[in-house]
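**Student:** Assemble the whole structure, with the sequences as input and the hints as a guide.
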Amino acid sequence: MNGIPISHILFVSTALFFIGIYGMFTRRNLITMLMAIELMLNSVNINFVVFNKYLWPGKLDGVFFTIFIITIAAAEAAVAIAIIINLYRNHQSIDVEDAVELKH
Amino acid sequence: MNLNLIIIIPLLTSIAVLFCKGLKQVRMISLIGAAIQLILSFVLLYAYWQERAAGNTSTFIFEYNVAWYAPLHINYHIGIDGISMAMILLTSFIVLTGVLVSWKMPARTSGGEMLSKEFFFLLLFLGVGAYGFFISLDLFTLFFFLELAVIPKFLLIGIWGSGKKEYSAMKLALMLMGGSALVFVGLAGLFFNTNTGDGTHTFDILQIAQMHIPVEVQKLFFPFAFIGFGVFGALFPFHTWVPDGHSSAPTAASMFLAGISMKLGGYGCLRVATFLMPDAAHYYSWIIIVVSCIAILYGAFATMMQTDLKYINAYSSVSHCGFVLLGIGILTQTALVGAVMQMVSHGLMTALFFACIGMIYDRTHTRQMSELGGLLKVMPFISTTFVIAGLCSLGLPGFSGFVAEVTVFMGSWEQTDVFYKIATIVACASIVVTAVYILRTIGKAILGPLEKNQYSLLKDAGWHEKWAASLLIIGIVAIGVVPFWLNHLIGPGAETIMSNIKNVTIIK
Amino acid sequence: MNYSEYISLILLLPLAGFVLLGLFGKKLFKQSSGMIGVLVLLISTVLSLYTAYQYFFVNGKLNDVYQTIIPVKYTWLQFASGTSIDMGITLDPIAVMMLVVVTFVSLMVHIFSLGYMKGEKRFSTYYSFLSLFTFSMLGLVVASNIFQIYIFWELVGISSYLLIGFYFDRPSAVAASKKAFIITRFADLCFLIGILILAFEGGTLDFNTLIHRLTDTQSSQYISITTASFLGVSVLTWALTLVFIGGAGKSAMFPLHVWLPDAMEGPTPVSALIHAATMVVAGVYLVARLFPVFSINEASLYIVTWIGAISAILAAIVACTQTDIKRVLAYSTMSQIGYMMFALGVAHLGGESGLGYTASMFHLFTHAFFKSLLFLCAGAVIHLIHSNEMNDMGGLRKYMPVTHITFLVACLAIAGVPPLSGFFSKEEVLLAAFHSNKLIYGIALFTSGLTAFYMFRLYFSIFWNKSKSLDTHAHEGTFSMKLPLIVLSICTLLAGFIPFGNFISSDGKNLELPFLLNFSIAPVLFALTGIVVAMRMYKKENNLPHRVAASLGGLYKAAYRKFYIDEIYLFITKKIIFNLIGRPAAWIDKNIVDGTMNGIAYGTGKVSHWIKGIQSGKVQGYALYFFSGIIVLAILVIYFWK
Amino acid sequence: MWSDYLQLIKAEGLVAIIMFILLFLKLGKKERNTESLLHFINVLLVINFISGFFFNAEGTLFGDMFQTNSLLSLEKNILNLGTLIISLQSFQWLKGHKHILEFYMLLLSTLLGMFFMISSNNLLMFYLGLELSTIPLAALANFDLEKRTSSEAAMKLILSSAFSSGLLLFGISMLYGATGTLNYQELSQQLTGTPLQILSFVMFAAGFGFKFSAVPFHLWTADVYEGSPVAVTSYLSVISKGAILFVFVSVLYRVFQNISVVWYNLLFILSVLTMFIGNLFALRQQNMKRFLAFSSVAQVGFILIGITGQSAAGSASVIYFILIYIFSNLGAFGVVSLVSAVTGKETVNDYKGFYKNNRMLSWVLAISLFSLAGIPPTAGFFGKFFLLLAGAGKTSSSGWQLNYILITIAALNMVISLYYYLRIIKAIFMDKNDNPVEKVKSTFSPNLSFIICVAGILVTGFASSAYDYIFSLVK
Amino acid sequence: MTASQIIFYFIAAFILGCGLLAMTTRKIFRSAVWLLFSLIGVSALYFWLQVEFLAAVQIVVYVGGIVVLIIFSVFLTQQSGKEMPKAPLTRTISSILAVLFGFAFTYSLIYKTNFQTANANFDADVSRIGTQMLNTGDQGFALPFEVVSILLLAAMIGCIVIAMKSSSHLPKEKSTVSKPEL
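Chains as they are written, first to last, in this note's numbering: chain A, 1 to 104; chain B, 1 to 508; chain C, 1 to 642; chain D, 1 to 475; chain E, 1 to 182.
Keep in mind that a hint or two might mislead.
Stated by the list, open to error - Straight line, CA to CA, 20 Å or less: simulated SDA-like cross-link-like pairs of lysine to any residue:
(1) A:59 x D:64
(2) C:642 x D:273
(3) C:398 x C:528
(4) E:112 x A:15
(5) C:612 x A:15
(6) C:618 x A:97
(7) D:26 x E:156
(8) A:59 x E:90
(9) B:164 x C:586
(10) A:59 x E:164
(11) A:59 x D:188
(12) B:377 x C:22
(13) C:612 x E:90
(14) B:421 x C:234
(15) D:26 x E:160
(16) C:618 x E:87
(17) C:482 x C:590
(18) A:103 x C:610
(19) B:377 x C:119
(20) C:26 x B:378
(21) C:642 x D:260
(22) C:27 x B:378
(23) C:618 x A:93
(24) C:27 x B:384
(25) C:121 x B:237
(26) C:590 x B:384
(27) C:618 x E:98
(28) C:121 x C:234
(29) B:377 x B:237
(30) E:27 x E:69
(31) B:377 x C:172
(32) D:26 x E:164
(33) D:147 x A:93
(34) E:27 x A:97
(35) B:377 x C:398
(36) C:27 x B:381
Don't read these hints as lab results, they were simulated from the structure.
**Tutor:** Right, here's the structure in full:
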């Protein structure tokens, strides 16, 4: 379809996924970590849509999954941001390395 | 006779203790409960003889078998043969004397409280575990009771003990749990290699004994079961909990530990490892013998260098329990009888020993041999008891130790291989070393001039202590002077085990 | 009366006495326990005398051969079929003789102790111990089963232990009792192993069956025990040697004799009973009991002979130098038992060649009387002087005439002066030795000279020598103390005339003891020389002994220090067993075995500490682990572990 | 038709109804007596729990997305029970909290999520249930609003869970790509075990592993447990973990049975790692909550062994163990929660000499710890025994007797775990303390919860009926 | 190469480039903007894939909702111009290695998998989606829809409780974490 092999699209999504993971590992700012997670979820969304469209077009499972993921991502982001703001209130910082009282 | 009573009565007693108020009530209830249990044991013995006399030749009598966890083929199955009967008698003796010895509850917790209720509860509860273990005919039930008897020991030692009690309690609990962990693997392996004919497995000892477990399986799981139980029975080199555990425990707990707990191991080795996996028992027999000979001699030599009375008895227990394992390793009927006799004998004797040490410690507040001396003068009863315990320990005829040891020795003579004889002779050598340390102990602690002047004010044993000691002495002498009843009691049980062993095609 | 109706009473009465006095003596029989003990023993003695009469004169013989009669026997502990420990009573000549000796001497000691131990705090305990000992000793001598003998052997040992350590607040007594027990225990170990071997090869524990099987050259047991060998020595030799070691331990034979002199820490009557007349001859008795088996094994007999001979001369030499009167007597005992031992060793089964056997038993018999007499006299002396040291004594003949006379009788007897009992028995021993081994004979002869010397050295030092002034009210002691002395001295005087060979011989048949007048010249001469020398040196206070001692130099010193055997023992036990075995064992247990267990615990804790960095508290680190975990696990399960 | 719907979805419906009741209460009057409010809520939860026994039906709904049967109802009710106990236990803490109703609403929404997760027959529903049971929990973890550690914990929880659900989703998407379906039954037939499927399975399993704290996916656990309010911690450690394990068992057994070799090996590694790491960390902990966190990590290792059994006995023993685990862990957490709420003391050292003034609480804690350690006669012994027995019953496909190696390791790990449980026992009963915790006054609700827990611990093991019932359902 | 292909590669490059920049740039506000672009790129990809409804949802929810939320929170919590601290070098390197390896591994597996493209027609118009969304029967997503609604409710409650400024602002407590010991 469109002459693009599915593996190329999957390359994009996988790469995006790992970019997200990379961000998760290296960004010390909590909000950017959240962004990294959004990237990961987006890559998964692409996967679902592509699989649905290219491989299993009979049902709309992939698309619906994507819709729900987007919704949940929103909810998750909201809660996460609320927590981060609360953390900021308590710690005066949103650097992840500043919140390491709990360890070992 | 309903065998369940044997578990229910101590259980009820221990629960009743929890509802008591004050030391007086607690100890009276404990005493009554333990005394009833002792009487019950004798009634059971009588019933057992009656049943046998009536011609009941089944291996186990008073069986009671109900499904417990049916999907897992776990039954609550109890029953006794002569060996269990002997162990029940032993246990009831020691529980009662343990209660008597703890009458005044001299050992306080580190917080300075008596906590008498808890103490007697744990003591009696420990008895439940031991009784249950000895009458179990289902591996699960057996294992259940085996583990049941671990934690009360931990608490008894840790709370009411002396010296480095926490360390000892922890060591004991961990090593025993390690042992039972191995036992568990052995049991599980055994379980999944049984076949009741319809493709299901069973935990039932009687059924497993009838099956022929594949030899390879036996070889694989025998070490687990044997070492696991061996840890309880002070198998070299897994005996190191013994000295520390015994020496830190309060008197009654020491008595229990050495008198019963270590027997759990011996009994388990016999009933589970050897009985159910006879091929492997043959296969590993030489290792067991070598290890137990090491334990016997090495334990004895190690005892020689100890200065703390409890350590002396603890190490000597290692040495004496070596005879139990030796008897099991030799794999002849006489030796098995000897092993069981040694269990009973050592149980009584070592309990007596610990009781004496406890009484001495209560009065002099020391267990160091160098700080004792001349006690015979001020407390003749305790000292005499101590001497009797010592003499029993060194295998003097007329006391139980001799009978048991000689039976083990004679047992090895039924094996034709020279190896068994040399091992036995090596084990025999321990009687000299035993004499050395026992006499050294007696000579230093009991005889000689009075070590400290303030000792001259010490009082001799009270009535409860006298009763405790007398009961144990009666037991020891009853076996030592007229051993044949015990022999008759144990004999058929050992024969059952032997019949399994004899069917083995010997593999070398 | 049939034996079985009363024979057990001989044993059970002392046992009952022990239990009664042991449990209730302190409370109920504080004063009367002595009398109870004596009464019990009296009945026993009468019964054994009656038994002896019955056996020797009424019904012991069948076809002119003394039979072994087992009137009582029951199974005590059954092992496999055929092997069981039985408790039984055997009557044969030596057992009956021993019954008489043991009960009689014990009775004497019981009586003597009435006076000697009077006022002791633990009077009843003492009597209960004595009864226990008597019971055990009697059980030993009548044993019908080799394990029975072992059981009573041990009981005898423990009663000896208890009695030696009777004065438990004396450290030396405690040490002595411990030493005695441990050394004999070591010997017992060998005995036990010997028993086990015999039992295994013989397939039984019963004496008669065992002896029968092992002496019947056709039996499979005989063939197997003589052909099997271990380390190049036949199993029979091993077994017998081990059994003999057991006997040697109890009988204080070289080199296991070191406990005996120390055992004199016990009350003197006890020494008379246990360490002179009865227990110490148990070894001899054991060899005699198994004599048919010994006699078919030259090697073990050879060992018996030489150990006996060496002990005899060694002890005699040491005895000459000791100053503690009880120790002198102890060494003398050892020496005399050496006599008995080698007499057995040179004997053979049957007829004339069995002379040594009869001689040995004869000497045992007479020795029991005069040695217990000597000890009791020494007891009387010590009772008076409150010291064991020869130097504290002297000139006591004035104060204690009865003791003096009886002591003299006993000395003459042990020295072998005719016509006292010792002369006859020793004569036979020497004769037996002469017939079989001249070297042994020489040693024996020399020993008899030494015996005379040291006994009279003792005699003169106590009763003559320097005159000592004692309190006027010093007296010999009560009637109860004198009576046994008199009775025993009469026995000593008369026992020699018993035609011993008629009763006891290696094969149960009649053996006419030879008595050769010209043969006895040499020993008597030696004895007289000894006496004369002793008289010269010790009758009056002078410094001759010192001069002699000085001139002997090293030999004297060595003998005085008992040839350093105690030191050697100390070295072995303290340095080798304690330091090289005990201490390392304890160390290994604490550091290596226990250390491993603790090490595991410590290691676990350490690992737990090392890996705490994983839990860094940083979410990114967690995510990294999470992710790496997935990748590693995926690679593992995809490629490596399918 | 409607009654069928109602009956099938009864458990979820009830929880939702309670949620809405609370919501209306919140919207209504401002000031309320907190204690009576709490009692009211507890009564609601009791009703919820009791109703779980009745009117249970079997069937599927919503085009096969939702299914229920007696086993699932039982699982849900086990969670109901746990929630009830936690609610009773947090009485003391909630009494002083401003947001009681929000707390319960969030709590119940997560419970609802778990119910959907358990009943899901579809990866989408599973995912939604998972998120519904996670996101509100993160908010709950932050409920000690003024506490630094609480917000830190919440942050860690939400970030970690988002990350893990990212990976989980990636796995699901790949599974979807490979099979074209989200339905369990269809999925199980489509799986062939290609490397990509295995990778996606591992990612998928890691998502589970994150929720039930299997090493190496467990790292958030201790931090979050320590930082969160005790009630939330116990909820996390018991309910949330139990629910995901229920699901895990059924997913593995039903959906991934084609690649059972793969997941057996995976579980082998995971359980060994989990037991060891959990134990080794638990050894050193000083904070009770953190200690219990690691101990619960280690417990998961044992549960995984039960799962490896791959048999009816396996899943029955897992469910049975979780029931027992609820009693035991909540018994322990209950005491910790009470003590922490009253005195603020949370470390092991604070518990030294605890027995002096608090006899009953000490015994409750001790019995719970013994049960966790698997000591008879507590139910924990039975639970662990059956788990390991189930693990041992797996017939080994390779030459190595893997199943026995696994249970040997597990059995030895039980020894290590015993050490740290006994360490607490030692502190309570044996150690001296000049200044022990004063007598903690306990009110009706916590006491009731303790009675339930202790009775559960003591009875569940002896009375085989619980296990028999579960087994009959599993079969 | 068709236009469609060119467009795809352009979109792909745009998504990845923006995503990478979003994850690497040191300024947080820029990072958020790059994220925004990346998400728009994804939405473009959906357009390209002819899933217009999703593309719309993507823009509405992500671009209009989440990113705005993020930017707000950025303003709330710190200055936008400030440079973010860098992660430690070891962490960066190990992350890069792990990610690269993970990517190579994952993609190699994907690449090797032979996805069989289906030939059936793919129809994702809004009416179909709408019908299925509220359908309770087969192919219906009513239940997930309800579940998500509860999730949103819960999230809302959670956010309110947490983010609501508490009336009594207690002084900042000290760290109460006890250090583990062994």
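**Student:** Are any of the numbered hints broken by this structure? If so, which, sorted upward?
**Tutor:** Checked against the structure, the hints that fail are numbers 3, 5, 8, 10, 17, 25, 26, 28, 29, 35, while the rest are satisfied.
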